[in-house]
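Visitor: The primary structure of each chain is shown beneath.
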Amino acid sequence: MSVTRTLTVNGRKYTVAFDDGETLLDLLRNRLGLTGTKKGCNLGDCGACTVLIDNKPMNACLLLARDMEGRAITTIEGLAVDGALSPVQKAFVENGGIQCGFCTSGMVLTTTALLRENPSPTDDEIKTALSGNLCRCTGYTGILRSVRQAAGMTKESDAAHEDTPSFGDRFSTVGSSPTRVDAVDKVTGRAQYTADITLPGTIHGKILGSPIAHGIIKRIDTSKARALEGVLAVITGADVPDILYGVSPARYDEYVLAKDRVRYVGDQVAAVAAIDERTAEMACALIEVEYEELPAVFDPFSALAEGAPQLHDRYERNINTHISHHFGDVERGFGDSFLVREEKFTGNHVHQAPLEPCASIAKWDADGTLVLYTSTQVPHYVQYMMAHVLEMPLGKIRIMRPTVGGGFGGKAETTPLDLCASLLSRKTGRPVKMVFSREEMFRHGRGRHKQHMNFRLGVDRDGKIRAFDSEIYLDGGAYTSFGVATAYYAGSMIPTLYHIPNYRYEGYRVMTNKPACGAMRGHGVPQPRFAFECLLTMMADELGIDPVEIRRRNAMDPNTITVNDLDIGSCEFRATLDKVAEKTNWNEKYGRLPRGKGIGIGCGGFVSGAGYSIYRGQVQLSHEKGRAPFEKRSIFPHANAIVHISEDGTAAVLLIGAAEIGQGSDTVLTQMCAEALGIPPSRVRIRSEDSDISGLDLGAYSSRVTLMGGHAVARAGRDVVAKMMPYAAKLLECEASEVSVRDAKMYVTSDPSRSVPWEEVARQYFNDTGPLVGTGWYKPPDGLGGDYKGATVGTSPAFSFGSAVCEVTVDMETGQVTLDRFTDYHDCGTPINPRGVHGQVEGAVIMGASETILEETQFDNKGRILNPDFHSYQIMTIRDAPEIFSGLVDSYEPRGPFGAKEIGEGSTLPVLGAVAHAIANATGVWVTDLPITPERILAAMRQKKR
Amino acid sequence: MYLPDVEFHDATTVAEATELMARFAPDARYLAGGTDLLVDLKTGRDKVGHLIAIGRIDALRGVAADASGLRIGALVTAAELAASPVVRERFAPLLDAVRELAAPQIRNMATIGGNITSAVPSADMPPILIAMRASVALQSPTGERFIPLESYFLGPRVSIRAADEIVTALLVPQPPSGFGAAYARFAHRRANSCAVAGVAAGLQLNADGTIGDARVVLGAVAPTPLLAATVRAYLIGRSPDNESFGEAGRLAAAAAAPITDVRGTADFRREIVTVLTRRALAAASQRAKETTS
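Protein chains in written order, with the numbering used here: chain A, 887 to 1832; chain B, 383 to 675.
Keep in mind that the hints are not guaranteed to be accurate.
To be verified - Cross-link-like lysine-lysine pairs, in silico, BS3-like; alpha carbons within 30 angstroms at most:
| # | chain 1 | residue 1 | chain 2 | residue 2 |
| --- | --- | --- | --- | --- |
| 1 | A | K1518 | A | K1475 |
| 2 | B | K671 | A | K1748 |
| 3 | A | K1230 | A | K1748 |
| 4 | A | K1483 | A | K1469 |
| 5 | A | K1145 | A | K942 |
| 6 | A | K1110 | B | K429 |
Keep in mind the hints are simulated off the structure, nothing from the lab.
Predicted, not measured: the structure shown is a model, and the values here were computed from it.
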């Protein structure tokens, strides 16, 4: 039934008709176009939809619009007055309170209400007030700082929380922290995420998932769904191409919709397009599917057992991938060891849980071009996969990447939404929008693989590693996704941190009837790294060697080829160890804390971009379905940039396909482009959202953007400058080789007083030559990696390193862990934007700590997820977050742009081990299964007492 | 993830509400804050044809107190209760629970009446209210009755409320001198997290310092909030010290009938109940002593 009410939103009255049961959230977004209010969970658990009702924060997803007459409703759009940001908005912009921006509206509104009621809150009051607003990016550190600032507290010295090496005047903008280029749009609600976009004539799609974990589809009857008023199209497996897709080219094993078989609860069976999402959802419920249920397996060991149900004919014994790597001679290494210890560890199945769910909008242009708006980290791979499945040339596919609300690996592959929206749009001739609910996000999966690890480590009397032997079973779920790479990464990164002369890795990725697992921050490595760090510390304690010291003794050195042929360049790992030990007074604390108090160390690092693209050969044409043979070099550039200078010379437009997903890549790329051009970043505008106007970029995964995108934009900038040089020389009456550029001036190097404005030179160029455009591209160096199978995984132009110390208090009666403090030092090369780097570290600390002690996807014995929501799948709130100190060591990577390496994923890796060690140090017992829950801590303590 | 088709009815008086409920039950629910109900309807956990909106019934609003005690209108939100000066002054133990209930946004919407009538085993308000001897006021077209809150619950999401009744208020008697209460809860996260277990304790101390009465109420470890009789029997006459509280914790754990779910196993819940009982009793005892000093 429709009702009409007059609502007062941001001081304006709207008389609006809507469905009786409509939430305020849907009304604001769909009827009033106020899309700054976000739908993150739709069940009152995340706070992204927070609005103020008579100045009290409430979840718009749990308010019925019909009840809102006479209430003063404030949304994020109502805070700025005449374009001037409110003090709270300003504080968030200036203090690193914003990353992906999806939680920002809610955070800002909750803060606004708090400060109206309590202008000078304590930290505790701030944390309590914000405890219903989840953030997955910032680690809450920048948010807390923003609220303190908004409350007018005296500016704290950054030195209390951060340590950044000084660069002197080596650079102009690189190494400084200008405001994020997207901050104002995000803090005002103007930033458009995919689900916020409504094209004229848009209709809405939904996918029907399988209710059973394994079965044959006997019959599908869509007649009732088709008959429902408002339904425009229904498609099933019969309507989708007979083409398998996936991520790893050797293992494409998914259809857009199941052809005849479902392999997990949620496996896509049919899709509907209708006039609105609710109708599409109702139509899905009307589709009748008859299944013949098959026996299912839910853990890798049952799946491997003799006679176990097989998920795919092609994966014998359900083994998706088996890796067998042996470098040196481990048995000899163990023979040479003074101490050998073997331990079993188990990881957990966790999810990236970006606050913004996946979303897509597809439309077809009159000339047959597919335009796909998608919330993705990898626009190019989506384009590539759409071309593959739809059998179209890449050139006919345009990918738009609107603002993305976090990814963490969860948006690193083509989704069923991308594919179904495209097919439904082609069928109906209308733009089709599809958005996952939070439950669908969990059901679709692609989270972190749960790994079962059996590790054996041998060290000599001094704690020097002699041999390491590992066997890992990865619980893959029903499809391959990234899994082959995940399984390789699980082994390949271990020898990058410490010298390991003899190394063996046996890895098995096993198919089970659960959602497929994919790539998540630190791809494949965090769990083995956690296990390795725990084992190394156990052995240090056993030998009476300080855990920091044993790491120093084994630490990787710069310019080393590892035992598995990875080429380490810059490496200041030891410096990070020294710094965290010094900063935390490690020597005074370790072994001297009272029971229940603990301190622990963990280390880790990561690649700065994968050395090779996911698919081989050249950028593929639609008819070239075959796989090109592997060559040990990049066939095509991985990052490409174009810089176009405005005709008056006052603006540079940077066109690049690098995916800003909240991590801040638009800002650091702008800075590097500005640095190369010799102008301030305020004169550079970045456009990174549209594949039509930028060159190929492989996307935001494997921590590649700063290094690879950075090289491309720096080269494009230098290309522009090179073109300007003759004109500058002419104006300055000198030789081109004598000209320098900096701070928007071109000047004679030996006499800077002889200068000419940058824009003047650019104008001269345009007048004589036409458009002033520079291009730049980047390919990883040739020849990366060894000559064995799988040698490409783990290769990179550069590697990051880091150490973290965690301090905890454990309630010895309940097992509850309080994270007191985190101290992290990293070698990320040159930090292009230190605030951005620290923000990545802070976010990684909280995400990593959260997965160490809180998170686990739980299943029932039918393969159904028991906690597919933010109510039961708990990620840390601001009240759980510890104080964080983030430091950077002086480092320069010759293979990185301006000396830069990565930070986003490497910063996750030390965290798990540090938390685990701190808990062990506090309790006297090791918990070797993740997550380290209070229940497991109590059980381990009980075990020890016996 | 949308509300199914339901028919809304707006009640403006208690009589109207109960009449509507009598007409449509069991295919109807009262809709107040909606923080549980709308979630259940969106996820399909609950299905119902009629929603009777009671948000505009003024008689259900307001926190009021006189010498005999406190009256909490069923529509009082958790945030309103937490901010009430009289609650802070005279019924402060309620704050232990109401301040930890869900998240701030939810506390601005969720009503105390809803926290009771949902009859969810892990709800935070029932244990502390029972420990403080609260009763629930139920009104029907034929009259009003007052039930001790511990007798209200029959099972998960099931209560003694008749089809034509509505909860109008919670009544908490003024605690006498020598009485103290406290609520201790355990959750995996520090905010916005359902209790794995919650224990409320209400202690009446005699003039000689011994325990005159003890109401220990266990939440989230049985189908309903559980007033532990064995604990009471054990504690009466004893001295309020660690030893007796420790034993009380063991008895409470034995009385609990927990289940295993996503938040923890039954064994873990028992273990936690032991600790929470001791801690709640210690805090209650401390507060009881403060009222007499």
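Visitor: Does each hint fit the structure? Answer for all of them.
Guide: Evaluated hints:
no. : hint              : verdict
1   : K1518/A x K1475/A : violated, 49 angstroms
2   : K671/B x K1748/A  : violated, 53 angstroms
3   : K1230/A x K1748/A : holds, 27 angstroms
4   : K1483/A x K1469/A : holds, 18 angstroms
5   : K1145/A x K942/A  : violated, 50 angstroms
6   : K1110/A x K429/B  : holds, 21 angstroms
Comparing the model with each numbered hint stated earlier shows that hints 1, 2 and 5 do not hold.
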